[in-house]
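Take a look at the letters that make up each chain.
There are 2 protein chains.
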Amino acid sequence: MFKIYYHPMSFPSLAPVFTASALGADYQLEFVDLGAGQQSTPEYLAVNPLGKVPAMQEGDFSIGESAAIMRYMARQYESDLYPQEAQAQAKVDQWMDYVNHHIRGPVASVHFNRSLAPLFGVEPDMASLAKGEQMLTSNLPIIETALSKHGYLCGDTMSLADVALVAALDPIEMSKIDISDYKTLSAWRAARRKDTFYTDVHSHYGAEIDL
Amino acid sequence: MFKIYYHPMSFPSLAPVFTASALGADYQLEFVDLGAGQQSTPEYLAVNPLGKVPAMQEGDFSIGESAAIMRYMARQYESDLYPQEAQAQAKVDQWMDYVNHHIRGPVASVHFNRSLAPLFGVEPDMASLAKGEQMLTSNLPIIETALSKHGYLCGDTMSLADVALVAALDPIEMSKIDISDYKTLSAWRAARRKDTFYTDVHSHYGAEIDL
Numbered sequence: 001m002f003k004i005y006y007h008p009m010s011f012p013s014l015a016p017v018f019t020a021s022a023l024g025a026d027y028q029l030e031f032v033d034l035g036a037g038q039q040s041t042p043e044y045l046a047v048n049p050l051g052k053v054p055a056m057q058e059g060d061f062s063i064g065e066s067a068a069i070m071r072y073m074a075r076q077y078e079s080d081l082y083p084q085e086a087q088a089q090a091k092v093d094q095w096m097d098y099v100n101h102h103i104r105g106p107v108a109s110v111h112f113n114r115s116l117a118p119l120f121g122v123e124p125d126m127a128s129l130a131k132g133e134q135m136l137t138s139n140l141p142i143i144e145t146a147l148s149k150h151g152y153l154c155g156d157t158m159s160l161a162d163v164a165l166v167a168a169l170d171p172i173e174m175s176k177i178d179i180s181d182y183k184t185l186s187a188w189r190a191a192r193r194k195d196t197f198y199t200d201v202h203s204h205y206g207a208e209i210d211l
Numbered sequence: 001m002f003k004i005y006y007h008p009m010s011f012p013s014l015a016p017v018f019t020a021s022a023l024g025a026d027y028q029l030e031f032v033d034l035g036a037g038q039q040s041t042p043e044y045l046a047v048n049p050l051g052k053v054p055a056m057q058e059g060d061f062s063i064g065e066s067a068a069i070m071r072y073m074a075r076q077y078e079s080d081l082y083p084q085e086a087q088a089q090a091k092v093d094q095w096m097d098y099v100n101h102h103i104r105g106p107v108a109s110v111h112f113n114r115s116l117a118p119l120f121g122v123e124p125d126m127a128s129l130a131k132g133e134q135m136l137t138s139n140l141p142i143i144e145t146a147l148s149k150h151g152y153l154c155g156d157t158m159s160l161a162d163v164a165l166v167a168a169l170d171p172i173e174m175s176k177i178d179i180s181d182y183k184t185l186s187a188w189r190a191a192r193r194k195d196t197f198y199t200d201v202h203s204h205y206g207a208e209i210d211l
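Residue numbers (our numbering), protein chains in the order written: chain A, 1 to 211; chain B, 1 to 211.
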């Protein structure tokens, strides 16, 4: 049984949750109260010395960082979401990192400064917001091209890279990030959000706290 | 034979080069002229459709993203730099991602705005620079604690995570990032920069272009 420490507004947290769901794994969610600083308590640091969400615990083993958790869970299930053949696995690694660095990162910049900063009463950094939008304009066409060629990022079946992409884009309605110009990506994302790996977790980003 | 497409000033490029060197692999460097936009030419995009450095080519197989390249090369050599046991591998995955997201990212923000922007005649983004420095102040103590406990990030022998850390910190002299308060990290880094995997690549960041 995987215990996943998470916060529903932390969309990097959602990627391992979607993965556990896609694997059909037995998992349990542990809410970490980031607002109250729970991630810095000795109890939490004993689980994840990195002091961040997500983290995953299985028996007396625990790790942090969403992509590391996703790989570990998929390997435990010997799942095709993370193929064992070296070149196929390398392609999944490549796209997971591309999504996390070049899509999730800029989405986070826009999301934080446009949506979360006002909620928290923090002054938004408009330069960071603009840079995030500019990076998405540069990087989303790469995703559009890959999906148009293959159906999924790494071929004709879903992989951890696709799960990472679904999580990376989860808050875009709340952040008013418009991807409608990317027709293949938009249709692909709509389809994934109807897949049971997604609907078993939530109906949309923020549903857990009635947003 | 691994052909590694890189630019010497791109320190994410250096991580797979150090890895190839640590593996004792037969490798060849291909300079990509980022200043001339070579990363966007059809010839380069055929190798790496992501349009970035680094990329790696082995026969007719090629991938981008530094950590994906590092994992692939280490697997081909069945190297202990990337252990095969699931929990040990997950720890390396965790620390590689921690280093790349939480150390390399902020070093890049400081390095770009303090050192490269003036070289390129670009206006530096002082808020981005300050945020990078603040993130390093938050995150370097996590690295210091891990190295103090284990000798290396994932235990008492070197792994891909350590190679990633050496690359992530490579430009800190040029960027005037001071890590001397982190005694263990400073001593560890000095020792790694005397290891042959490093000295066989270069004497210091920028040596290739006489900086």
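Some clues are possibly wrong.
Unchecked claim - 20 angstroms max Cα-Cα, derived EDC-like pairs, lysine to aspartate or glutamate: (1) B:Lys3 <-> B:Asp200; (2) B:Lys149 <-> A:Glu123; (3) B:Lys131 <-> A:Glu123.
Stated by the list, open to error - Here are a few chain B residues that face chain A, going by a calculated C-beta distance under 8 angstroms: (4) Ala46; (5) Tyr72; (6) Gln76; (7) Ala90; (8) Pro124; (9) Asp125; (10) Ile142.
Stated by the list, open to error - DEER-style ranges, computed between Cβ atoms: (11) B:Ala88 <-> A:Ala187: 37 to 43 angstroms; (12) B:Ala88 <-> A:Ala88: 20 to 26 angstroms; (13) B:Gly37 <-> A:Asp195: 24 to 30 angstroms; (14) A:Pro141 <-> B:Pro124: 23 to 29 angstroms; (15) A:Asp195 <-> B:Glu30: 17 to 23 angstroms; (16) A:Asp156 <-> B:Ala190: 35 to 41 angstroms; (17) B:Glu43 <-> A:Thr137: 42 to 48 angstroms; (18) A:Asp195 <-> B:Asp26: 40 to 46 angstroms; (19) B:Gly155 <-> A:Asp195: 45 to 51 angstroms; (20) A:Ala187 <-> B:Glu78: 40 to 46 angstroms; (21) A:Phe61 <-> B:Ala46: 24 to 30 angstroms; (22) A:Ala187 <-> B:Asp210: 47 to 53 angstroms.
Calculated directly from the structure, the hints in this document are not laboratory data. None of the values given here were measured: they were computed from a predicted structure. Beta carbons: idealized from backbone N, C-alpha and C, even for Gly.
Hints, verified against the model:
1. B:Lys3 <-> B:Asp200: holds, 17 angstroms
2. B:Lys149 <-> A:Glu123: violated, 38 angstroms
3. B:Lys131 <-> A:Glu123: holds, 14 angstroms
4. Ala46: violated, 13 angstroms
5. Tyr72: holds, 4 angstroms
6. Gln76: holds, 7 angstroms
7. Ala90: At about 4 angstroms, which falls below the 8 angstroms cut-off, the nearest Cβ of chain A leaves the hint on alanine 90 (chain B) intact, so it holds.
8. Pro124: violated, 11 angstroms
9. Asp125: holds, 6 angstroms
10. Ile142: holds, 6 angstroms
11. B:Ala88 <-> A:Ala187: 37 to 43 angstroms: At 40 angstroms between Cβs, range holds.
12. B:Ala88 <-> A:Ala88: 20 to 26 angstroms: holds, 22 angstroms
13. B:Gly37 <-> A:Asp195: 24 to 30 angstroms: Violated, at about 39 angstroms.
14. A:Pro141 <-> B:Pro124: 23 to 29 angstroms: holds, 28 angstroms
15. A:Asp195 <-> B:Glu30: 17 to 23 angstroms: violated, 40 angstroms
16. A:Asp156 <-> B:Ala190: 35 to 41 angstroms: Violated, at about 49 angstroms.
17. B:Glu43 <-> A:Thr137: 42 to 48 angstroms: violated, 24 angstroms
18. A:Asp195 <-> B:Asp26: 40 to 46 angstroms: holds, 44 angstroms
19. B:Gly155 <-> A:Asp195: 45 to 51 angstroms: At roughly 38 angstroms between Cβ atoms, aspartate 195 (chain A) and glycine 155 (chain B) fall outside 45 to 51 angstroms, so the hint is violated.
20. A:Ala187 <-> B:Glu78: 40 to 46 angstroms: holds, 41 angstroms
21. A:Phe61 <-> B:Ala46: 24 to 30 angstroms: This hint is violated: roughly 42 angstroms between Cβ atoms.
22. A:Ala187 <-> B:Asp210: 47 to 53 angstroms: holds, 51 angstroms
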